[in-house]
Each structure stands twice: as structure tokens, then as C-alpha cells.
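2 protein chains.
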Amino acid sequence: MSLIVQKYGGTSVGDPARIQRVASRIAHTRREGHDVIVVVSAMGNTTDDLIALAGEITSEPPGREMDMLLTAGERISMALLAMALDVEDVEAVSFTGSQAGILTDDAHGEARITGIRGDRVAKSLADHKVVIVAGFQGVSPDTKEVTTLGRGGSDATAVALAAAHGAVVCEIYTDVDGVFTADPRVVPTARKLNEVSFDEMLELAASGAGVLMARSVEFGRRFNIPIHVRSSFHDEDGTWIKETTMEQAIISGVAHDISEAKVTVHSVPDQPGVAADLFESLANEGVNVDMIVQNVSSSGQTDISFTVPKAQSTAALATAEEVARTLGAGGVDVRMETGKVSLVGAGMKTESGIAGRVFRALAAEGINIDMISTSTIRISCVIDQSDVPKAVRALVSAFELDSVAEEVGA
Amino acid sequence: MSLIVQKYGGTSVGDPARIQRVASRIAHTRREGHDVIVVVSAMGNTTDDLIALAGEITSEPPGREMDMLLTAGERISMALLAMALDVEDVEAVSFTGSQAGILTDDAHGEARITGIRGDRVAKSLADHKVVIVAGFQGVSPDTKEVTTLGRGGSDATAVALAAAHGAVVCEIYTDVDGVFTADPRVVPTARKLNEVSFDEMLELAASGAGVLMARSVEFGRRFNIPIHVRSSFHDEDGTWIKETTMEQAIISGVAHDISEAKVTVHSVPDQPGVAADLFESLANEGVNVDMIVQNVSSSGQTDISFTVPKAQSTAALATAEEVARTLGAGGVDVRMETGKVSLVGAGMKTESGIAGRVFRALAAEGINIDMISTSTIRISCVIDQSDVPKAVRALVSAFELDSVAEEVGA
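Residue numbers (my numbering), protein chains in the order written: chain F, 8 to 417; chain C, 8 to 417.
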């Protein structure tokens, strides 16, 4: 008997009728002979409603109490799901993150999972019960306080439980069919990927593909747990994310991201320690820097550009200006209307000429490239925000990532 | 520095604005130099809303999961209250029933408090924090499961915490001004009692006075914790319930109850063991019997009457009919349109003639008495339900329990 972990998001358990549908699906998996751990998010907009309630009282709620408040959300959905399974004659038991032994650090609101204490879940599985676990929450063994995991936390809960209890797969149920070669809202002909490697999925997630957060893919890779992203509305396979050994497609997909701004520090003296000064200062201010590009200098001066979340651009500008003054650099400017397109594919490692084809495809559309950054399996270009949809379509077409291309035998 | 326990019901914390008002009151108590433990119920209709959600999924939810669901309610109100205290610059921390060490048996939905493990609360008090505790909930040390305490559970939580941590008073904040000599909705001139003994309050609660449940009064009496029932809308004193040693008023008040039905078994053979057969059978069926009256027999046959909650009258009838058949008794009938009025007062023990005055007052209004039952400090009469308001007013007037009588020097 193999163990399957299933994770259902807030939309999938949005009301009692949907909870009943989820229960039937779990009952079906159970009748096929599997042990099942189910991870649930809070129903629909519950979390947002609770945040709004807190907002009526204070704009700066203490983190501990905010976590106490928000963890009420999954408590409701998991108890209702256990009741719905009871109706299906499936023995089930619901556990909070703390009861399920999800151990975290004590960073309220954005805690990281540090370990799993699995006795209680293991005992319930041995008793032939479906175990339902509240996603997004845990407990700090140091402070004994309840914590929440921040964005994508329920996926992380699911993959971590799958790793700890030796599941054969972690199924992430969602409202889309899987991972696509590009965002279907931008490229309607984008193709669903049947399979993608952990490394590629990590690059796609980091480059803006929203289906799965990078942290849960990291977990999957570290413990080699296959992740199956699939729709909660039908039974067809979605996308399998795993450490694949088969011959891979050269290119998996195109991701895009318009959530970042570009900051450029001009005329920086080209001497050791300059970049360190700048990025240490930014880190101290809590600014999350994504891409960094510095050109080779010939004049003894250089420009350094980097991207940051748009919400942090004001803080980044202030910090960069201060550092620029100290270093005797020129001015700092921020460009908000910025976007990024990334081509991801494990085949890039061995296939040459991919970068050239990317730049050619964008040039053919008259798109100017601001910054370029590459990893062994990714090429990212920062461009004008208004050019992003055109760029995504151009790359999908150039690398035959659409279903039309597939049909004609690409 | 003395410890005060304050309990706020669902209406008092019904929305963010009210939660802020409660926070100011707590902050005021804190600034007066007291340590404070606050017990809160779920906001407004939260509990009913959660019950309705469960009802959309099943009519028979597993008790464990129902408790998991309902305990989300206080989690929300207590976290919001902690945030509101933070705004008032009062250090506070909120605890679930389990975190506050409220130990119970494992009877989900109607658990009894079996003990308090107070380390965590004590430590927070020592750290000069206001401690907020979720009412109505606890944890069973045997099963490690979260439980709820059933009706009146938050009051019981408050009094139990007051006893365990040595509070000087347990304040129960509510939407009425205190305990009255009669229900003010029936007798608008009913008088607020400044003080009432535990014994009297127990009889009043058992006789239908709804302000406080008998179980929390029991706790208060057992551990001698004064309970102060008062309004959350103003600062005036309400009613103190304590083990009073002062000279007491002869009569404290009139309670009434229209939630019970009367069952009569006719022509029962007057022989030993008959009553035992009947009431053992009823107990086995889970029927809660309140009053029991059996008349002296002269003919070798007698009638036995008893009252039960109206909701249990069908079960009571079926059981009584079966026992009647076995015993060779006559028929069984149930009367639903039944009510009970009770006069309560510690002074009855020493003052003679009270019973006569009760019966005279009712007779003067043409009210027929069906059943009579007495304790040392209570006289209860079962009458026609439609006569109840008239009977309450008659007794208030006869024993000068209204504020009009007080003004003229009663």
C-alpha cells in the first residue's frame, strides 16, 4: 500500500459543495488502496477576510497574534473536510500544523519548515485513517508558538509531509491543468507540459511561473519526491515534476514576470569591494535583489543594474543613492515599467546557439533588451514591460512551444 | 498586585469596534495595577455560522471534528483582542484552551473541566502580560484532542482559571446589568440584586434564570471565588455572587422556565421498586428528568408525574409507556403547555410560612398548581404555561421584589 499526499488549495475547498467533491476524490483514492495524507488551505477568501478584520483594529498587528488569527482558517476547512469524508464512510482525522508535527523556525508570518515530527500522523495512517493536515502552518519548538509559512506555504507543507512519510507522489490540486510552456493567458496556444525536471521547475518558478512556489520544488528536489500538479476539476494527468532521467526536451517553457523594477547605479568607480558595499547595504535594508548585471568596464567606471520587487523600489533607491554618494558614483535611476522574459530548458546545457536564437527572436519583433542574465538552464532578458506579451509569444513560436507546433510534428 | 479574571461574551466582542472597547476596559483595569486574565467567547454569531457550515455537509458531524471546527471561533476573537491591546500599549498574549492548560474529559461537545495546568499562563502573568484565553475550549490529556465545554462553557473557563490562579474576583461581562429578582422582560420593575449567595444563585440558575449557568456557579462555590456579573456597556456594579455571611434578604428572586414538559404515569401499583424501574429506564434513554412528584396513595395505586426538556418529551413518553405496560399501570400522558415558577431565598430556611404565601398569591390570581417541589431555599410550582407571566408578577409583588416596593421601604 503506497502513500499519496494530496494538497487542495482555497478555491478547491471554497464552499461546502466543493468540499464534498474533494471528499469524493479522496474517497476514490482511498478505495484504490492508497494511504492518503491531505493538506488543505483555508476556504476561498477566508484568509483575506481575517486579514481585513485585523486591519480594522491595527495596521501593525503583532506577528504572533496574526499567526494565531490566520491559522483559524485552515482549522475550519480541515474539520469540514473530515466531516465530508465521514459522510463518504471514510475514516479521517484532521490535524493542525502543530499536531501534525510541522516544526518551523520562529519567524512569524514567513516561517521556514525545519523538521517534521511525524508520530501522530504515522499512528493515524497505521490505524487506516485518512490524515488531513492544515497547510500553511506549523509550530516553533523553541518558542512553542504557532507560526505561518507565508506565500506558497500549503504546497511546502504537502511536499514536506510527503518527504517525511515516504509518499510515492505529492499531488498539488489547483484550478489550472498543470504547468504550461507559457502563461496561457498570454499565449492561448501554450502547451501543457507532461513532465518537467526539478531544476527546470525551479527556474520557471523563480522566473515568474505562478503555479508552484520555488520553496516546495526545492523540497521535492532535495528529498526526490515527485510532484504532480493537476486540476481539481477533472481526472486527467497534469504535469509531473521529477528528477527525470529520460531524454528531455531542449526547452521546457517561457516564464515572464512584471513584478520587478530595475535600478541602475551609473558611473561607479570600477574597483574591488564596490558591489559588496552596494548589495550588503541593500540586504541590510531587507531589499530582495533578483538579477544583477555589471558590464565590463574600459574607462575605469562602470554601471551596475539590478532588479527588485516594485514594492521595494523606493527603499532600494534610497539605499543605492546613499551608497553612490559614499563611493563617488554618478546618479541612480529606477525604471518601473520593466518586465522579464525567461527561457528555461535543461537541454540548453548541451545544445549550443540557444542564446543567439533568443536574441534573434526578440530583435525580429523590434524588442530592445535592457539586461541579460543566464544560468546553465535559463536565459532571462529584462525588457520594456509593454513588450512582454509580444516577447513571450515570439519565444513560444521560435522554440515551437505551442500546441500548434506539436500537432505538425515539432 | 491582585489578579482579576474578566470574561467577555460573544456580543461584547461582536465586531472590531466592540473589541476595541473591551481592550480599553482591560487597559483601564491594568492601569489600576491589577494582573488580568481575560476569557473571550467567539465573536457574535461565529459559532452559529460554523455550525451552519457543518450542517451543509452532514447532520451528524463527528464530535472531534465539530470541536476542531468550533474552536476556530475563539481563536479569531482572542487574536483580535490581543491586537487591540497592543494598540493600547498593553502587552498581551492569547492562548487557546489547550495552551492555557484547560484540561477536560474527552466528551466532545460537552466536556467537563477536570483540572488546570497553569504554567504557561503563570509565566506570562509573571512577565507582566495580560493573558487572553479562549473560552469554551480545552484539551483532553488522555486523548490529546481538543474539546469544547458546551453551553455556558466560557463562564466555566473563567471561573476555573480564577480558582486555579487565585484571582480575587471573576468578572462576567454581559449585555444585562446583573442578576434580577425576576426576568425584567416579564416584570419591568424587577430589581437588580447587589448580592446573592452561591446557593441561591445555583437554585436560580437551575430554575431557569439564564444569566449564568449552574456549572460556573458550582465552581465558584467550590473554590470560593466571588463572581461579579456586570454590564459591558457601563462601569456600574452588577451582582456579586459569593459565600455571603451578612444578614440576607429572606427572598432573592423569582425564576421561571417554560422549556419543560410534564409527563404523568397514571394508576401505578403502589409497591416498592416501581419508581426505580421508571427512572432507571429514563436515565438509560438519556432523558434528563427535573422535578418528580408522587402523591401519597390510599387506594393501592398512585400517579407519578415528572418534568423533562420539551425536546425529550417523545423519548420520555415512549419509555414511560413501555414501563407502564410492564408494571400494569394505567396510561401515560404528556402535557407540553407547561411552565414552572420558582421562589428562591436563603431566608426560607428560618422563616416560616413562605410556602403558604406562595400558594395564596397564585390562588389570588386564579392560577391552578399542577405540581409542587421544594428544597430548603426554593419553592417551585408547575403551572399552565400561559399563566407563567402572571405568576411571576404575582410573586414579585407578594414578596416585594420590585423596585417600587424598595422605594417605599420594603
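A few of these clues could be false.
One copy or any two copies: either way a pair holds, since identical chains are not told apart in the list.
To be verified - Below, simulated DSS-like cross-link-like pairs (lysine-lysine); rule was C-alpha separation at most 25 Å, straight line:
no.	residue 1	residue 2
1	K130	K151
2	K356	K199
3	K136	K151
4	K356	K136
5	K317	K151
6	K356	K151
Hints listed in this document are in silico derivations from the structure and should not be mistaken for laboratory results.
Verification of the hints:
1. K130 - K151: Close inside one copy (23 Å) and across copies (13 Å); limit 25 Å.
2. K356 - K199: Within one copy only: 23 Å inside, 85 Å across.
3. K136 - K151: For K136 and K151, the Cα distance is within 25 Å only across copies (17 Å; inside one copy 27 Å).
4. K356 - K136: So K356 and K136 fail the 25 Å test inside a copy (46 Å) and across (59 Å) alike.
5. K317 - K151: Classified as neither: same-chain Cα gap 35 Å, cross-chain 46 Å, threshold 25 Å.
6. K356 - K151: Neither: 46 Å inside a copy, 53 Å across copies.
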